[in-house]
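Student: Okay, here's what each chain looks like letter by letter:
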Amino acid sequence: MRRSFAPWSDPAAKPLIRFENVTKRFGDAVAVDHLSLNIYESEFFCLLGPSGCGKTTLMRMLAGFEHPSEGRITLADRDLAGVPPYRRPVNMMFQSYALFPHMSVERNIAFGLKQDGLPKAEIAARVDEMLRLVQLERLAKRSPSQLSGGQRQRVALARALAKKPKVLLLDEPLGALDKKLREETQFELMDIQHDLGMTFVVVTHDQEEAMTMADRIAVMDHGRIVQVATPGEIYEQPKTRFIAEFVGDVNIIEGNVLGQENGHWRVRSRSAQPPLTIDDPDEVLHSDQAVAIAVRPEKMVIQRDPPGTDAVNVLTGEVWDIGYLGDWTVYRVKLASGEILRVTRANRSRYVESPIDWDEQVYVTFAPDAAVILAE
Amino acid sequence: MNRRLSLFNVTSLVIGFAFLYLPILLLVVYSFNASRLVTVWGGFSTQWYVALFRNEALMEAAWVTLRIALLSASLATVLGTLAALALTRYGRFFGRTLFTGMVYAPMVMPEVITGLSLLLFFVAIGLDRGFWTITLAHTTLTMCFVTVVVQSRLMTFDRSLEEAAMDLGAPPLRTFFSVTLPLIAPSIVAGFLLAFTLSLDDLVIASFNTGPGATTLPIRIYSQVRLGLSPEVNAASAILIGIVTLGVVTATLLSKRSLLREEPNAH
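Protein sequence lines correspond, in order, to chains A and B. For the first sequence, this note's numbering gives the first residue as 364, with consecutive numbering after it. For the second sequence, this note's numbering gives the first residue as 110, with consecutive numbering after it.
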């Protein structure tokens, strides 16, 4: 059901949130730079980028804590300019959780409902519902200082969800949790989002988090969106070298275009003899253009025996480093040109007859369609 | 940190505290003196405390002092808190530095000058000197102490708490009363207690601005001492010291607790 959800590729679909040419300046610094973006109803949308890229500012503008210097933000076709945070159908889960320390868990969750002036019975029912949702029924009377980090995170989530907002904003929602808990919570968040059918906008600097949870990811850098796409597209077809390097691990081989042959690009590089063959038909390149070839470590094959004569994209080098991670082994291979490649191999069996060792001469190959050409 | 106390540290600590508190201790001890002679120990007795409560002039002065202290501390708390909010919240408004300096000036201004200038002011506007002039003068004196205490709390206040309240639908005023105020309340109470104790034991400014029927306890004690030392005054002073100590200690504990309270949201 998740697979078939793709309103962004449907030209008739109307976006729920629209950023139209939005710029935000703080003094001389430009935090968000002429940015346009559409987010659709029920979407799990991630804003991903290094710190200082403007993702948090973008979210705070949606919440109403910052105002665009230029441009327009609309929510369900309503211009949000001049609408204060307390009148927006948007709720936010803060990075610090921002739980009210002088109120119990229960009263924290009820806070937003009280502001709406709901009858007492209804508030109590909704609080119970939220406590059940995040499995904290037994801790309703506790104060935030008596909770663990994970429990606080749940209270913050329940409080933000209690008003059933059109859009839930989550600022680094899992940043303060340890790794195990983070993974569990990622899936829980996805389930909750799916069950409630709510639109989630998550800000994160953690690419793994974004990849796991999001329907679409917007990768931001210097106040601009570099690419908006599904996690799979971002990983397999990164648009720029920045994205290729920011999302996941990547090997970059620099070279110059020789020309096209049987629909494949031929690229000359000082790291490879003969020239490389790359199957990336979408790129429009001209002869001698400087390009970067991006290959993910898991798409490279490392072997001790020389590949057959018909093999393409053969790089030779020696093993520089080996990192055994249990599920994967990471090889760092130093090429004759001095570049170091990162090649990973899944450890499919428990025993390997004669494993590749340090300082061994090895061949690294990759298929023509395993690589992406990025124009420099 | 090195937790062991060396001989040098202990000695300097003892000498330091003795220098500060020995005279006060002496006064308290002599307030329980059975002898009428202030400097000769004649055995333990609480008779001067009894005499003190029978001394109508002193009791009248104590009552005036208490009323002035309560009223001026309340005024100073409201004004001081507002000033602290303005200084921490409104960024860099025009004249901010000047405003900050003016708020803190009474702290370092010689009391004689504050007292004298207020006296001239009250005379100029034709306000009769007495209860109200002392109250206003004490408000001026103590407001900055409230500002300092409340401001230091506001500096560490996690603004995302207020943003969360607004995000959940609370307009600014309701946010202030349901989130900000409860959380900074301990420091406001601490500021109030400081203002209260400062007003309670002020002599200089009060004597400049006093008038008929508004003799405060410090003024009364001072004038009695000029006529000769009396053990009753020792007793009154001992009680005053007790109240002030209690006020300052409570204020310190409160502002400490107020800072600790927010910890759950810290990483």
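Careful: at least some of the hints might be erroneous.
What the hints assert, rightly or not - Output of the computed footprint for chain A on chain B, the stretches with three or more beta carbons under 8 Å from beta carbons of chain A: (1) 263–274; (2) 286–295.
Unchecked claim - Heads up, incomplete: computed chain B residues facing chain A, CB under 7 Å, no partners named: (3) Leu194; (4) Gly278; (5) Ala279; (6) Pro280.
Treat the hints as calculated values from the structure; they're not laboratory data. Ideal Cβ positions, reconstructed from N, Cα and C, are used throughout, including at glycine.
Student: Run every hint past the structure and note whether it holds.
Tutor: Structure-based check of each hint:
Counting residues of the stretch 263–274 of chain B whose beta-carbon sits less than 8 Å from any beta-carbon of chain A gives 6, enough to reach three: the coverage restraint holds. With 4 residues carrying a beta carbon less than 8 Å from a beta carbon of chain A, the stretch 286–295 of chain B meets the three-residue requirement, and the given coverage holds. A hinted interface residue such as Leu194(B) counts as satisfied when its beta carbon comes closer than 7 Å to some beta carbon of chain A; here the least separation is about 19 Å, so the hint is violated. Taking 7 Å as the C-beta cut-off, the interface hint given for Gly278(B) holds, the closest approach to chain A being about 3 Å.
Because the smallest distance between the Cβ of Ala279(B) and any Cβ of chain A comes to about 5 Å, under 7 Å, the interface hint for this residue holds. Given hint, Pro280(B) at the interface with chain A, holds; its Cβ is 5 Å from that chain's nearest Cβ, closer than 7 Å.
In this structure, only the earlier hint numbered 3 is contradicted, and the remaining ones agree with it.
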